[in-house]
Structures are given as structure tokens and as C-alpha cells.
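Please arrange chain D on chain Z, whose structure you already have, making use of the hints.
So the sequences go chain by chain: Z and D. Residue numbers for the first sequence follow my numbering, so the first one is 20 and each next one is one higher. Residue numbers for the second sequence follow my numbering, so the first one is 1387 and each next one is one higher.
What the hints contain is simulated information worked out from the structure, not anything from laboratory work. Mixed in with the good hints there might be a few duds.
[To be verified] Just so you have them, the derived chain D footprint on chain Z, three or more residues with Cβ under 8 Å: (1) 163-174; (2) 192-200; (3) 319-330.
[To be verified] Derived DSSO-like pairs: lysine-lysine, alpha-carbon spacing no greater than 27 Å straight-line: (4) K1491/D / K170/Z; (5) K375/Z / K456/Z; (6) K375/Z / K461/Z; (7) K170/Z / K375/Z; (8) K1491/D / K375/Z.
Built from N, CA and C at the ideal position, the CB exists for glycine as well.
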Amino acid sequence: MMQHLPILPILLPMIGAIITMLPWLVNKIQLTRWVSILTLLCNIAIITLLAWQPDTIIYQVGNWDAPFGISLVADNLASYMLLVTGLLAIPAMLYSFSGIDRQGSFFHPLFLFQIMGINGAFLTGDLFNLFVFFEVLLIASYALLIHAGGKAKTQAAIHYVVLNLVGSSCFLIGLGLIYASSGTLNMADLAIKVSVIKGDQAILLQAGALMLFLVFALKAAALPLHFWLPNTYAAASAPVAALFAIMTKVGLYAIWRVFVGIFGDQAGELANFIAPWVWPVAVLTMLVAIIGTLAAYSLRRLAGQLIIGSVAALLFAIALNNPQATAAGLYYLAHSTFAGAALFLIADMVSQQRGKADDRFVPSRPVHNARILGGVFFVVAIALIGMPPLAGFIGKFAIMQAATTTSQMLWLYPLMLIASLATLIAFSRAGSVIFWKHSNAKADEDAQVAWPQLTAVALLITLNLFMVIWAGTIFEPLSQMANQMHQVGMGG
Amino acid sequence: MEIAIAFCIGLLSACGLFLILRGRTYPVVLGLTLLTYAVNLFLFASGQLVKGQPPILGSGSSYTDPLPQALVLTAIVIGFAMTAFVVILAIRARADLGNDHVDGKSKPKDITKEVEQ
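Isolated chain Z, as found in the complex (with noise of 0.2 Å):
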């Protein structure tokens, strides 16, 4: 029973958003609503059950040979990865409890159609795989920005589409580059022939290799392929927003999977061939994001620009490629998923009491649940802006740390202190002159913050403290698997 364990987080979601679109429960609400959060339950239960096994399962989907079939391979970081993803698709969901689902037809089953191709992205073995599930997941995504309708979202909808309809073209275009020259596409076979490769072929598969940077730097939303998030990321609703947190990580799991596990160390005339070119990237895209922080005119797009502030904090954590770097990376990782989400959860809140200012930093009728929003909003700006006590300050001061030679940390302490510095000036502004300065209108009576949207937030807030509160337990093991990581490769 054990071995099969690899495949049912990308069954079992897909079971559920199959039973949610039956004909019977369309329009049963409840009982939709019950069916998608207890397979979310179950998909957290069994991805705890696979984390807590200490080795690498490989599956091989069908029986299939390695290098032939598709192979699953639920390894620490996979297994890891799941984990924040679970934990962060709960509060997503019950947030979207308070009305949200009605919007439109069909949120749930494209809800956990987006979380199969999410777990697939992280468990696969294979790189073509890898495109599928890549697919899988934009394919719902598409659907669910456009939930609700509106102007905003077909707009924000064109762009994102097209966008990533290029980057899969570029995807392929890679994978048939790297499949010429190496003859495989499986992640633990191409990191034992590429230590081989070499003339013309190394040059061929490095000019793949590169292609997968792109469209990974796309779905990451590294500069200069970011223009689309912001506008993306504030268009879609809240519920949706949130799980988009993910989204952008799933491509830096990509690189690091990729760039790190296959032409890493070991990988011959192409060890770390990207190394130059992540280092500027990153820089780049922190100093945009910087720039976007404080230009932010609402709330969600803050939160937008916070989200590629995150991106280039690891983008950062993977040029320095250390193993310390790299535990500092995934433990950031999850805390900016988790704030980030947040933070578009509370935006969304915001904008249903204050009426037409919707979440602009404009003055307008004062919020009705001030306290309990001003509250939630001052930990969760703590949490992202990096101030201790909360887990934004161990992940940006351990990535820190993680500089080793003078010239990186003359690069990196400035620009992570400056985006701190930045991102604190933001939410100051932000703050108050959403929950102080207000006109004499009255609060609107009617706009209420429903439960779920609270327990959404305050579930996301207490993973926060827990990340703080046991940050000693969660590195011990993020240690051990960044070492693996940079020793041996991954999957091999």
C-alpha cells in the first residue's frame, strides 16, 4: 500500500473535482462545499503520511521502466512543497465559503483541478511530465481568474493566457532540444548522462536547458517576464489570488529542480551553467519590485508586487547555491506563500466594506470591522515586511546569512533591507489611510466579515506562528534535504 502512496495526492483531488461536477450536487452548495474540503482534508492527511516516511518513494506510473514510463518520485522536497500547498489550499477554500463560489459556476472542481496539477508539478519525475502537469494546473487557473466575470478579469485573462500559451510553446521547444541531445527526459537519468555530454551536444542541450529557464522565469515572474502579475493577481478573487500565492513558486521549484538537481555540481562541462545569469535576475527583479511596492495604488496590487518581492528573495537563495541557502530559500517559501495569501484575503475584505474606493489608498467611509481588520492587517504587514517576531524575520535573515563571499552580501544586504524599508513605508501609508483617515460618511452596516473569510485568515496567520514557534524543528529537516540537494542531486 505504501509504494501507491506517491500518486493519490494527484487521484485523490481529482476524484473530488469530478464528484463536485456531477449533476446531482450542482446545485446542492453544501454538499459541494463538504465534498471539497474533506478531500482537502484527506489529501493533507495523506501528504502528511508521505512526508513522515524519511526515504524517496519512486513510483513508476503503469509498471513502466524508469527511463521508459513516468515516474512519480516523492522525495523530501516533493513531499515538502505538497505539504504548503495543502496547508494553503484549507483557507483558500473556506474563504471562498462566504459567497464567493456562487459567483460562478463550477469553482469547485476547477478549485481542486488546480490543486491536482500543482501536486503532479511537484511530484513528477519526469520533465514532459513535468509540462503536463504544468498544463493541468494553467488550465484551471485560467478558468478560475475569469470566475465571477467582469472587465477586469477577461482583460487581466488575455494577457495571462497568451502569455503562458508562449511560454508552453518555448517549453516544448526546450524539452525536444534537450530530448535531441540527451535521448531522455527522465530528471534522474538526464542527471547521470549530462556529466557525459559534451561538444556540440552540451551546447544543444544548454541552449534547452535555457528555453526551460524561460518559461520557469516566466511562471516564477522574474523580470523581465513579471508584467503580468500584478494586474493577474489583483483581478482574480480573493479564494483564487490566495492559491495563486503558490503558483508562482511552483517555477522556482522548477529551477531549483532543474538547475540545482540535473546541472548542478556534478553535471560536468554544464555544472551550473545558469549560475551567472540568476544572480542578475534576481537583483533586477528586486529593485523592480522595490520600485513597485511603493508605487502600489492598491492594496491587492501591493500585495502583487510583495509576491515578486518574494520571488527575488529566492531567486536570490538559489544564485547563492549553498545548502544553507537553499534550507533559508524553502523555509521563505512557505512563510511568503502563507502571508502573501493572507494579504490578498484581507484586501478582499477590506474592499467589501468601503464601497466604490474598493481597495485603493484613497479616503473613503470608514471600514465597519476596523478592529478585527486593522488587527489581522498589522500582523500579516509585520509577517511580510520582515520585522520579528514573525516568520518573514527568520526567513530574510537566514537567506542572509546564507552570503558567504563579500561581493554577494554587498549585493544582497542592501537590497533585502531596502525592500524591508520599502515594504514598511508601504503598508504604513496603506494602513492608515484605509483604517484612519476616513470621511465623515457612515460605516456600511450590511458589509459584514463573514466566518469563513476569518477563520481563512486567522488559520493563515496561526501556520505563520507556528513557523516562528517551531522554526528550529522545520530547519533541522530543511537542512538535511538542501544537503542532499547539493551533494548528490536530486532523484538520483
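Frame of chain Z; chain D shown alone:
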């Protein structure tokens, strides 16, 4: 044969790229379709081109690599579904936004005005 295939792929992707960079959704969708064709051909050629041989080991003097064929099949199906989606989305955008420009409007919007409102 290599030159012919390479020429086809190059022409298709050049036309595809040109159309993707156009401002209206219809040419963009067509461009995406052309690019998908180019990519499919490219993937097909990635297993190296062999003439008149079956993709089965031991049934002829030589064999064609069967894996790219399987990959192309998957890529075609996915590309087909995505094109269908983008067509529907483009029609929806034409209805929602009142024009078929990819940005939803022909002139760039003045953001400062929106903030002041």
C-alpha cells in the same frame, strides 16, 4: 529532408511570432496556432529523422524513435484544448470589453485619473 523540415519550422515560427505580436486578438490566436504547429514539427524531428522505418524495435533493419511521436500526440491534444479555450476567451473579451484589442482598449489608460476618482 532535414532542410525542408527545418525550413517549415522556421517559416511557421516566424509567421507565428509576427502574428502573436499583433494588437488584435484574432491574429494573436492564429499566431499561437502557427507556433504550436511549428513546435509540434520540431518535437517530431527531435528524435532524428528516419525514412520509411517502423517505430518498433526489431521489425526492420532500423527503427524510428517512437518517443517523440508519443510526445507530439500529447502536445497536439494539449495545444488543441488550449486553442479552443483562447478562442472562447477572445470572443468573451470582445463582448465584455467592446473591442478586440489585446489590451481591451486601443489607447493606453491613464492610471492617475482612475486613482483620483
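Inset, instruction - Take the C-alpha atoms of K1491/D and K170/Z, compute the straight-line distance between them, and say whether it is at most 27 Å. - result: 11 Å, holds
Legend entry - Assertion that chain D covers the stretch 163-174 of chain Z - criterion: three or more residues, beta-carbon distance below 8 Å: With 6 residues closer than 8 Å to chain D, the stretch 163-174 of chain Z meets the three-residue bar; holds.
Inset, instruction - Compare the distance between the alpha carbons of K170/Z and K375/Z with 27 Å, and conclude whether the hinted pair is satisfied. - result: 16 Å, holds
Inset, instruction - Report holds or violated for chain D covering the stretch 319-330 of chain Z, Cβ cut-off 8 Å, minimum 3 residues. - result: It is violated, with 0 qualifying residues against the three required.
Inset, instruction - Sort out whether K461/Z lies within 27 Å of K375/Z, counting only the CA atoms. - result: 14 Å, holds
Inset, instruction - For the pair supplied as a hint, K1491/D and K375/Z, confirm whether the alpha-carbon distance does not exceed 27 Å. - result: 23 Å, holds
Inset, instruction - Mind checking the alpha carbons of K375/Z and K456/Z for me, to see if they're no more than 27 Å apart? - result: 16 Å, holds
Legend entry - Three-residue Cβ test at 8 Å for the coverage of the stretch 192-200 of chain Z by chain D: holds (count 6)
Consistency note: the structure conflicts with earlier hint 3 alone.
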